[in-house]
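Protein chains in written order, with the working numbering: chain A, 1 to 474; chain B, 1 to 474.
Fair warning: there could be bad hints in the mix.
Computed cross-link-like contacts, DSS-like style, restricted to lysine-lysine with a CA-CA straight-line distance of at most 25 Å [stated by the list, open to error]: (1) A:Lys76 <-> B:Lys370; (2) A:Lys370 <-> B:Lys38; (3) B:Lys76 <-> A:Lys370; (4) A:Lys180 <-> B:Lys225; (5) A:Lys141 <-> A:Lys180; (6) A:Lys38 <-> B:Lys370; (7) A:Lys221 <-> A:Lys145; (8) B:Lys221 <-> A:Lys225; (9) A:Lys221 <-> A:Lys180; (10) A:Lys100 <-> A:Lys141; (11) B:Lys221 <-> A:Lys180; (12) A:Lys370 <-> B:Lys100; (13) A:Lys100 <-> B:Lys370; (14) A:Lys85 <-> A:Lys100; (15) A:Lys221 <-> B:Lys221; (16) A:Lys440 <-> B:Lys38.
Away from chain A, derived, C-beta distances all over 12 Å, residues of chain B [what the hints assert, rightly or not]: (17) Thr49; (18) Glu53; (19) Ser104; (20) Ser107; (21) Ala108; (22) Ala117; (23) Ser120; (24) Ala188; (25) Met289; (26) Leu438; (27) Met441.
Now the stretches of chain A that chain B is said to cover, found in silico as 3 or more residues with beta-carbon under 8 Å [to be verified]: (28) 30-38; (29) 108-117; (30) 249-262; (31) 281-287.
Hints were generated in silico from the structure; no laboratory data involved.
Quick caveat, the model's predicted, so the values are computed rather than measured.
Glycine included, every Cβ here is placed at the ideal spot set by N, Cα and C.
2 protein chains.
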Amino acid sequence: MSDKNKILSNEALESVEPVAEVFEDASTVGLSDDAISKIVEALHDGDSTTHLELINELSVPDTADLIHKINDEDRKHLLIDRKVKLDPEVYPYLDPAVGKAALSDMSASRVAAIISALDSDDALELIENLDKNFQKEITRKLSAKMRVAIEEGLTFPEDSAGRLMQREYVAIPQFWTVGKTIDYMRAAADDLPSDFSDIIIIDPMYHVVGEVPLNRILRSKRTEKLETLTFDVLHTIPADMDQEEVTYLFRREGLNSAPVVDSDNRLIGLITVDDIIDVIDEEAEEDIMKLAGVEGGDLYRAILSTTGSRFRWLFVNLMTAIAASIVISMFDATIQEVVALAILMPIVASMGGNAGTQALTVAVRALATKELSNTNMFRVIGKETVVGTLNGIGFAIIMGVIAALWFGSTTLGFVIAGAMVINLIIAGLSGAGIPILLSKMGSDPALSSTVLLTTITDIVGFFGFLGLASIFLV
Amino acid sequence: MSDKNKILSNEALESVEPVAEVFEDASTVGLSDDAISKIVEALHDGDSTTHLELINELSVPDTADLIHKINDEDRKHLLIDRKVKLDPEVYPYLDPAVGKAALSDMSASRVAAIISALDSDDALELIENLDKNFQKEITRKLSAKMRVAIEEGLTFPEDSAGRLMQREYVAIPQFWTVGKTIDYMRAAADDLPSDFSDIIIIDPMYHVVGEVPLNRILRSKRTEKLETLTFDVLHTIPADMDQEEVTYLFRREGLNSAPVVDSDNRLIGLITVDDIIDVIDEEAEEDIMKLAGVEGGDLYRAILSTTGSRFRWLFVNLMTAIAASIVISMFDATIQEVVALAILMPIVASMGGNAGTQALTVAVRALATKELSNTNMFRVIGKETVVGTLNGIGFAIIMGVIAALWFGSTTLGFVIAGAMVINLIIAGLSGAGIPILLSKMGSDPALSSTVLLTTITDIVGFFGFLGLASIFLV
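Required output: the full structure, derived from the provided sequences and hints.
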């Protein structure tokens with residue numbers, strides 16, 4: 001064996017006593033509500049010794065949990081209290097809105113100290129949310145190495161692979177053998193990233209030649225050359241690829257990690273699967289939030305800011321509701337004559353809205369996961385229209401009978417049945433069609449589909465029902 | 001060096017020529033629509049040589065893409081065509097609904113052949129969706145080892161860690177040294193799982209003592225004992241833990257893998273982070289789908305089955321819409337007198353529904369991610385009620401002025417303003433309160449919150465507006 005490995009200490013050796021923590025069930029995962037209220041009590045009592053002790057006992061994820069769950073005032077108190085030395089690793093764990101608020105209240109040098117203790121990707125994630133001027137103040141106080149990493153990182157587009165990647169990776173020349181690689185890793189143990197499970201193989205120009213998982217190295221002969229151990233297919237990611245594409249690629253190809261390259265195809269970073277999990281969460285969350293007209297981080301936002309962001313979406317909805325009311329007003333004479341129309345008309349509109357939302361949700365998700373493209377686009381729209389038609393016929397019969405019995409008028413039954421069929425066909429067609437059309441036009445289908453859809457189903461619902469009534473009933 | 005490593009061939013050596021595949025942008029990831037239509041054309045022409053050639057060239061994810069995007073008929077044609085030898089790895093890649101349909105059309109022995117070629121976790125995932133009787137037929141045709149794995153796997157609850165885990169892992173006794181471990185891995189190269197990045201450390205009773213990432217082994221001295229290299233905190237997962245809890249744990253603690261143990265705390269399997277990604281997708285998808293009343297796999301479901309599953313949800317909605325209509329009918333005399341009420345009433349109901357959905361979506365997501373618990377429950381409900389009140393006041397003023405001008409009646413303006421404030425307060429309160437209440441009662445908040453919410457906002461909207469009108473206007 002090489003004797004280099006004898007000189008070196010190993011950071012892994014610091015953790016000598018494994019503590020078995022068995023999670024029996026859901027309730028034992030995470031910080032209990034009891035533990036939180038104990039700490040909050042200590043905070044309120046001003047008993048700083050107790051609360052410091054309690055907080056110092058917490059793991060990083062538990063500390064983040066605590067910060068999330070206490071109220072704004074307690075949170076400020078806890079974060080500003082300079083006697084509490086929070087582990088810097090806590091900050092990347094926080095919800096971006098909470099993290100931003102916490103760091104924005106601190107001095108630039110305090111933030112710089114936190115940032116300096118983190119990996120470059122976590123540091124970048126924290127700093128990219130802050131105000132431009134504050135960013136500059138902070139970077140001035142960083143070490144040259146970290147400053148370069150941050151400044152370079154900020155040149156990549158937001159939500160791109162360049163922002164997501166870590167600069168800590170292990171790259172080995174292609175002509176090295178397994179034995180030389182193992183000897184090098186023993187010798188350089190302290191300089192290696194704290195965790196990695198793949199090695200990137202490069203040529204002398206720093207072009208990526210391949211990727212080798214550590215387990216392939218461990219089971220190979222010492223004389224084996226690394227280039228013979230690489231995967232069949234290499235997936236390199238350009239730094240400016242959008243993070244949504246990156247997650248798609250990871251999921252699709254089942255990747256554990258992938259090297260990131262610059263425009264000259266040179267290695268500049270590494271994205272690992274655990275970075276991807278956060279993005280997947282983020283993207284799924286974004287879709288569900290956008291469909292309902294809510295912005296992310298809403299849970300931790302101040303009341304006035306939440307009210308404002310919700311107001312904008314509701315205002316657009318008010319305009320569409322008024323448009324629907326104008327349609328109704330065109331038939332005011334008819335309604336005055338047959339008041340049953342006013343009673344029944346919300347049913348037609350509401351069924352259209354709900355049926356349309358079903359089709360819309362399926363289409364928005366399928367677009368997000370790329371299961372929907374040109375090939376099956378018309379088939380999906382066609383299917384949704386047929387489903388709408390079939391359910392339209394079903395509910396036309398049910399509602400036609402109910403209306404006829406309720407108001408003792410067969411004609412009224414036929415009128416609402418006709419309107420129901422029309423609105424559910426339109427609902428299926430536009431529920432699937434609107435998101436597809438928006439995505440073709442380069443818009444985000446999750447963002448405005450719902451408003452457009454309910455406008456259509458409201459207007460068609462009211463116009464169809466009242467229009468048919470004005471022809472056949474009055 | 002040990003000479004054992006000289007005896008052995010290495011599966012990794014099979015892949016000698018790395019093919020660099022650089023993804024320039026989104027459009028190059030995945031199968032193009034052009035490629036799909038080429039294959040479909042060949043299928044339709046009956047030119048089996050061409051379509052076999054085209055399909056055999058595809059990677060596993062591309063093949064899955066193709067199968068997803070062609071229509072039902074082409075899909076059946078492709079899957080039943082026995083000349084097409086699809087890579088068995090394709091099946092676990094398919095949407096569960098598509099996979100189930102494909103396998104259900106095959107003979108038990110054909111399915112058994114596919115299953116036998118897969119890892120035990122993938123095999124279990126495929127087989128658990130099939131009919132009970134068909135399952136039995138298939139397992140009878142499997143090798144003893146795979147049969148035991150499947151039968152044992154099926155004893156764990158659905159969506160539990162036991163179903164998710166793989167039985168392929170590397171477990172090493174705690175007293176082994178780094179050197180002995182490396183020598184063993186070289187010697188046993190062919191028997192090791194095809195991919196792994198952590199080693200599980202066990203005691204003689206097969207209890208888990210710790211977990212060591214391969215990179216810690218590679219950078220340690222050969223004389224180092226494995227038990228000194230384990231993580232500080234060990235996370236073991238009981239086999240019956242729900243997969244949602246498992247993903248929560250992985251995300252929270254940033255795990256790469258975790259050993260699964262039986263009720264005696266003995267090692268029985270391993271869950272890795274890439275298994276988790278599928279579950280995260282699944283769970284996020286489930287929430288968004290449930291909120292809209294859609295079942296998963298809807299994109300690939302046959303028209304009649306889709307229509308049926310949508311019908312049930314729409315039927316519940318019809319009942320709530322009729323309930324709202326009954327409320328309206330209580331005020332038919334008032335409406336007949338002031339037809340403007342019929343014109344304006346949908347606005348109040350619709351604004352309540354939308355504002356409530358915003359609060360509801362935030363609460364449902366926060367419950368799913370465990371950001372919402374007893375500690376902050378009342379604070380969140382309180383905040384949403386205040387936000388509802390503030391937006392209620394804003395829209396009361398806007399809509400009050402519009403209504404007063406539109407119909408030339410200040411009283412009508414005040415009536416709609418009053419109803420708007422009431423409905424938006426109730427919307428905020430119940431939007432946050434309903435999911436929390438449902439989750440306290442052990443129900444799934446995503447599933448029925450929307451229906452309950454719109455029932456409340458419709459009824460309060462109509463009752464508030466028409467009630468106030470009947471008092472002040474008539």
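Results of checking the hints against the structure:
no. : hint                  : verdict
1   : A:Lys76 <-> B:Lys370  : holds (22 Å)
2   : A:Lys370 <-> B:Lys38  : holds (19 Å)
3   : B:Lys76 <-> A:Lys370  : holds (22 Å)
4   : A:Lys180 <-> B:Lys225 : holds (22 Å)
5   : A:Lys141 <-> A:Lys180 : violated (39 Å)
6   : A:Lys38 <-> B:Lys370  : holds (19 Å)
7   : A:Lys221 <-> A:Lys145 : violated (37 Å)
8   : B:Lys221 <-> A:Lys225 : holds (22 Å)
9   : A:Lys221 <-> A:Lys180 : holds (11 Å)
10  : A:Lys100 <-> A:Lys141 : holds (19 Å)
11  : B:Lys221 <-> A:Lys180 : holds (14 Å)
12  : A:Lys370 <-> B:Lys100 : holds (21 Å)
13  : A:Lys100 <-> B:Lys370 : holds (21 Å)
14  : A:Lys85 <-> A:Lys100  : holds (18 Å)
15  : A:Lys221 <-> B:Lys221 : holds (18 Å)
16  : A:Lys440 <-> B:Lys38  : holds (22 Å)
17  : Thr49                 : holds (23 Å)
18  : Glu53                 : holds (20 Å)
19  : Ser104                : holds (21 Å)
20  : Ser107                : holds (29 Å)
21  : Ala108                : holds (28 Å)
22  : Ala117                : holds (16 Å)
23  : Ser120                : holds (17 Å)
24  : Ala188                : violated (8 Å)
25  : Met289                : violated (6 Å)
26  : Leu438                : holds (17 Å)
27  : Met441                : holds (16 Å)
28  : 30-38                 : holds (count 4)
29  : 108-117               : violated (count 0)
30  : 249-262               : holds (count 8)
31  : 281-287               : holds (count 4)
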